[in-house]
Every structure is written in C-alpha cells, then in structure tokens.
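Peer 1: One-letter residues, chain by chain:
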Amino acid sequence: MQKKMAYSFPDEVLEQVFSFIQSDKDRNAVSLVCKSWDEIERWCRRKVFIGNCYAVSPRMVIRRFPEVRSIKLKGKPHFADFNLVPDGWGGYVLPWIAEMAGAYPWLEEIRLKRMVVTDESLELIAKSFKNFKVLVLFSCEGFSTDGLAAIAASCKNLRELDLRESEVDDLSGHWLAHFPETCTSLVSLNISCLRSDEVSFSALERLVGRCPNLRSLRLNRAVTLDKIANILRRAPQLVDFGTGYYAAELQPDVFSNLAGAFSSCKELKSLSGFWDVVPAYLPALYSICPRLTSLNLSYATIQSPDLIKLVSHCPRLQRLLVLDYVEDSGLEELASSCKDLQELRVFPSDPFGAEPNVSLTEQGLVAVSLGCPKLRSVLYFCRRMSNAALVTIAQNRPNLTRFRLCIIEPKTPDYLTLEPLDVGFGAIVEHCKDLRRLSLSGLLTDHVFEYIGTYGKKLEMLSVAFAGDSDLGLHHVLSGCESLRKLEIRDCPFGDKALLANAAKLETMRSLWMSSCAVSFGACKLLGQKMPKLNVEVIDETEPPDSRPESCPVDKLYIYRSVAGPRFDMPPFVWTMDEAVRILH
Amino acid sequence: MGRPTSSSSSIDSPNHFAFSSTASSQRDLTTDLRLGLSISIAPPFVREQWPPMKAAVAEEEHECNSSTFYVKVYMEGIPIGRKLDLLAHESYYDLIRTLEHMFHTNIIWAEAEMDRDHYEKYHVLTYEDKEGDWMMVGDVPWEMFLSAVRRLKISKC
Chain B
1 MQKKMAYSFP DEVLEQVFSF IQSDKDRNAV SLVCKSWDEI ERWCRRKVFI
51 GNCYAVSPRM VIRRFPEVRS IKLKGKPHFA DFNLVPDGWG GYVLPWIAEM
101 AGAYPWLEEI RLKRMVVTDE SLELIAKSFK NFKVLVLFSC EGFSTDGLAA
151 IAASCKNLRE LDLRESEVDD LSGHWLAHFP ETCTSLVSLN ISCLRSDEVS
201 FSALERLVGR CPNLRSLRLN RAVTLDKIAN ILRRAPQLVD FGTGYYAAEL
251 QPDVFSNLAG AFSSCKELKS LSGFWDVVPA YLPALYSICP RLTSLNLSYA
301 TIQSPDLIKL VSHCPRLQRL LVLDYVEDSG LEELASSCKD LQELRVFPSD
351 PFGAEPNVSL TEQGLVAVSL GCPKLRSVLY FCRRMSNAAL VTIAQNRPNL
401 TRFRLCIIEP KTPDYLTLEP LDVGFGAIVE HCKDLRRLSL SGLLTDHVFE
451 YIGTYGKKLE MLSVAFAGDS DLGLHHVLSG CESLRKLEIR DCPFGDKALL
501 ANAAKLETMR SLWMSSCAVS FGACKLLGQK MPKLNVEVID ETEPPDSRPE
551 SCPVDKLYIY RSVAGPRFDM PPFVWTMDEA VRILH
Chain U
1 MGRPTSSSSS IDSPNHFAFS STASSQRDLT TDLRLGLSIS IAPPFVREQW
51 PPMKAAVAEE EHECNSSTFY VKVYMEGIPI GRKLDLLAHE SYYDLIRTLE
101 HMFHTNIIWA EAEMDRDHYE KYHVLTYEDK EGDWMMVGDV PWEMFLSAVR
151 RLKISKC
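If you read the sequences in order, they're chains B and U.
Sequential numbering of the first sequence, starting at 1, is according to UniProt numbering.
Sequential numbering of the second sequence, starting at 1, is according to UniProt numbering.
The following block holds chain B by itself, in its conformation from the complex:
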C-alpha cells in the first residue's frame, strides 16, 4: 500500500506542486521526504542560496541542481566589513562563473555579497548568459568600470544592476554609455558607490528616460543637485531614489524646480543619498514626505533641528538610518511622529572623538522603544548605557528581532551603577523571544552568556567583542543557543576548552570567527584533525603559527562547515588545519 502511494502522483503534478514552494528551507525539507521527491525537486529548483561560497563547490551545486536560474553567494566573513579580514583572503567568484557559464546557459540572476569580483568575471557573465537579468554586487570589490561596461553592452534584458556599497575602480564615467539605445528593460540601477567625479550624465539621462519600468535609481555623488530635477522628471514612476550630492547655494529657481520634480513622483516611497546635504534644500522633499516609508540619512551631516523638522513630516516612516546628530531630542520626536517605525539605525558622527560631540544617549533609544510599537530592528551607536534602560527597552519591545548595540568605548559599565551590563542584555534575550540577531557591547561578564544560552533559543547570529571572563561564557552560548548559525567574536578571553567541548555544535553552524582570543594553535590542529566536515583556518599575517609553541594563541581563526573539503585558494597568511593538506605542506 505504501509503495503504491509513492507513485500515485505523476512527476509533473509533483513538480507543479513544488513550484509553489519558494523558500529554501521548505525546498530542502521537500527533498528529504523520499528519493523520488528529492529527484523531482532537484530538477525543478530554480533558485539556490549559498551562505558560504566555500561550504560547497560549484560542481557539487551544478550536479545536484542542473536547472538553476538564480544564484546568491556570500564570501567573506562579516567582520571583513570592519577590516579584520586581510586583503587577499579569498571569496573569489570567478571559479563559480566559469563553471556556471557551461552548466547554466540560461542563468538569469547573480547576487553576491562580500566577494571578489574581477573584470574577467564580469566579462564572462556578459558573454555566457544570454538571458541575464539581475546583477547585485553587495559589498564586493576587485572590479572596475570596464567590467561594468561589458555588462551594460551585452546584457540585452538587464533588469537590475545594483552595486551597493561595493568598491569599484572607477576608471571612467563613460561605461554608462555602453548601454545600447535598445536597452529599455532596467528596473533597478544603483551606482551610489561609484567614486568618480565624472558620470556620463547625458548617457544616464537618456538611459533613465527610455526605461519606463525603472523603479529604483540610486545615483552617486557626481550627480549634483541641479541635475536631480532633470532625472526625476524623466522617471516620475520611481519608488526608490538615491540622490547624489545634495548641496548647492540656495537659488529659488533651482529649489522650485527640485520641489516640483519631487512632487511629480507620486510613487516615491524611499530616499537615500544626501551627501553634504544643505538644510535649506530639504523642504523640497516635503510634498513626498507623507508617503515616505524609508529614509537613509546616514551621510547627511545635518543637525538635530533640521532632522526633527524633516522627520516630523514623515508619519509613515518604517525605516530610518541617521547619524547621531539626531540626538535624544530628535529620537523623541521620531517616537511621537512615526508610529509605523520598524527599523532604526543610528551611526556615530565622530566615532574616534574622546568626548561626545552630540547629546545622544540611551534616552533616545528608550523613547523610540516606548513610542514605536512596531519596532523590530535596532542598530545603535552611543557612548553610555544602563541596565535599567536595557530592561525598559526589552519590556517595551518584546517584538524585537534584531538588536545591535555598540557602546563606543569597549568595556563601558552601566553609567549609573558602574556594574556590568549583563542584566540589561539578559532582559533583552529573555523578553524578546523572537530575537534572531544580537550584538553586544559594554562591560560584560560570563553571566551575560549564561542568559543568552538560556533564553536565546531563536538566536541565529551573535557578535561579541571585549566581553566575558572565561571559557564558560563561550560554552554557555555554544551549548545553549539551539538556532545559532553565525558566531563572531573578537578580543575575548575564550580559549580551547569551550571550543573543543562543543566541537560537534560547529557542524550545525555556518561559521565561527574568533580573533584576538585565547585559542591555541594546538587546539586548532586538534579540531581540524577530529572534525573532517569543518574547515579550520588560522589567519596570521606576521608568521606561520607552527613557528611558535603549540600553546600559543592564534591571531585569527575562522571555522566553517563544508562538504567541499579544504579550499585551495588560500593566500600565504591563511593556514588550514586539515591534516592531509598540512602534511603535504
């Protein structure tokens, strides 16, 4: 009877059913039901997400999923954003492109994060995929505008070209002119990261003018304020717009032109850019402010009164990124005006100053936690915090899913009681039962990790710096956090014991980063030897780790699970602890 059931649906029907299942997790679950489902599912999987490009090889992916149309790859560890990963570490996309060029001629979408992309890779993409539509390069590097010219020229159906936060060797603004006149398919163009002073503005204008489906356009600083109106008038259908340079001497005709252009954009909901913004030009936005749901002012060096005025015009705001010039007073205004707020990020304007330059404290965050019932995601840089404030925030906002707090001076205690902030962060993990991401700061003992291990059952990513007293701290996290996928630690007194005692846990996670901790070279070797499904990599730019006694701590350690075995593109300063490879060396 059982056997009959398995064949009662023809494959085509199952395939049709599976086509409604989009999430990776669900797809993976489907493939585990039985062999025939696995077989059907793998032939109709169109989208693959690979969270660590070294966890699997291109060939393995292609062998299992022969008909992929969309791929998303991530390369370097997150701490690479803060320059903790030396240049040349890895994360090269070329091997992937080379294999996919042959295997996936119909590939449409490539999304990369923290990978090294070369002009050669871009040229290969342009040449190999006839129906290529989407290229997103998030925090990537290694390529120039020559590579972009190849993409522009060859990809006839290009819909998205998004270079957000990438480092591009900006050789010439002329690459934009490589989009043929026949290209009318663009939906999204993000060139905000391009540094050059020159952008072929006339080419940009013509491109924007002939793409009626353009919804998202983010310009770079080369586009001056007076040119923004021209662009907007050609694309009144825009939903998301990133201004260029938003400064100029106040001229009434420029102002009214700009205000008029903005008001003609009836769909505009999201704004960013605002480099060097001059407050006098902000009122040009007032007509669209009531519709705005997302505002990124993290480059806008304007003071609190101007920020307050702007924000008070945006009652529908769901997402705000801003510098700490907003101050507590600005955040109090935000809390009273923006009841739909879901995400807040406050960045420091003067992170290296010894003294605070603005009046932004824990009070601002407390106010927002009280006033904004939908607040889910917080990234907050400040200079002081208290356990009482954290407890209040936790009680006000148990629906938080992401909480990243950076108290600028490491090991800062509760400013009221001078105690560690264990209790405060403990309240966060205890009350916020759906917390998926947490970043800690301030003075913290092993106790905070005990709270995290006890309550952080849904926690997927944890970032720790200058915290803890002993291995017990790390042990609490590794043994308690059932959903943990990514753990990144720097400058903590965590050593061998907790790591070795929880070795199996590491196979259930994507990756573990530890730098400036107390893990010995000997422990790394042991881990590499005993855990073949883990790649254990030691990074040391000064000298080989085995030139010192085994008990010496390693400088940086990156451990990740992999079915592809140790990688072969390691630079001289990265050592694998895989026994076989080490012996060969």
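Think of the hints as simulated: they come from the structure by calculation, not from any bench.
Just so it is clear, CB atoms sit at the ideal spot from N, CA and C, and this is done for glycine as well.
Every clue listed holds true.
Which chain U residues face chain B? A few, computed with CB under 10 Å, are given here:
| id | residue |
| --- | --- |
| 1 | 49 |
| 2 | 50 |
| 3 | 51 |
| 4 | 52 |
| 5 | 53 |
| 6 | 54 |
| 7 | 77 |
| 8 | 78 |
| 9 | 79 |
| 10 | 80 |
| 11 | 82 |
Given the coordinates of chain B, work out where chain U should sit on it, guided by the hints.
Peer 2: Relative to chain B, chain U alone:
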C-alpha cells in the same frame, strides 16, 4: 542539508596543552615582544578597527577650490579617514606637525630622524600622486608636492 553525524560531541584536550582555566586573557607576553607587537596590558587597549563601522563609501577624493585643498588621510588599521586642508599649511614641517597631532604618533618623512630602537612609535607618511604611485613625502619642493598629491597614508613602520 542532512543531519551531521559525529561520534562524539566533544573532544578532550590532551593534558599537555598548557591551558589554564584562570580568567587571564592576556597572550604570552614574551611571544608578543618577540613578534614585535606592542600590546599593552593596561588601558588604553590596542583596538584596531573599532568601533565596528564600514568605511565611508563613495567620498569625494578631494575638494579643490581657490582657498582650500582637502585631501583624505588614512592611518593604517583605521578604516575611517580624516580630511586635511593642505593649503592651510605653509610647508612640510607645518603639515607634519598637524598630522602628528591629529593621529597621536611620530611621523617619518624624507627629512625625519628616527630612533631605531622605538620604531613601533613611528609611522611613515606617504602620498599617492597623480599617476597612482605611492611616494615618500618630502622629496620634492612643497609646491610641486601640492600639485601632485591626491591623498595621504600613514603606515606602521
């Protein structure tokens, strides 16, 4: 992904590891001195790349108008740079003085003398010229330097 299988959930560290369960977080000091690292035990802590922020994206390289000439200055190990108005300075000596004050270090340039025993207290000043090459500051006349310089970099010795 299938469930991972391992025969043991932990690995016992052999007893020859010199691991102590004390709360000490300090590296072996003699090792560090041998490596030439200057890690201080007392505060302020050595902290590279802190606070955790991405380097500012897409900044203009330099602004140039009749009365100012701002160039970016980066110190090795710090992702966020500073800006400096070169035209506010009269000479190399003036510039060096400002930089030493801004970055709290001793600067090596073409005409500097260095105490070789304390090299970790010094940083080398270089500049990127119009051809993209990195050159030591101070070899050419000041005016020629102003016309060639695009940005500055302060590197560890």
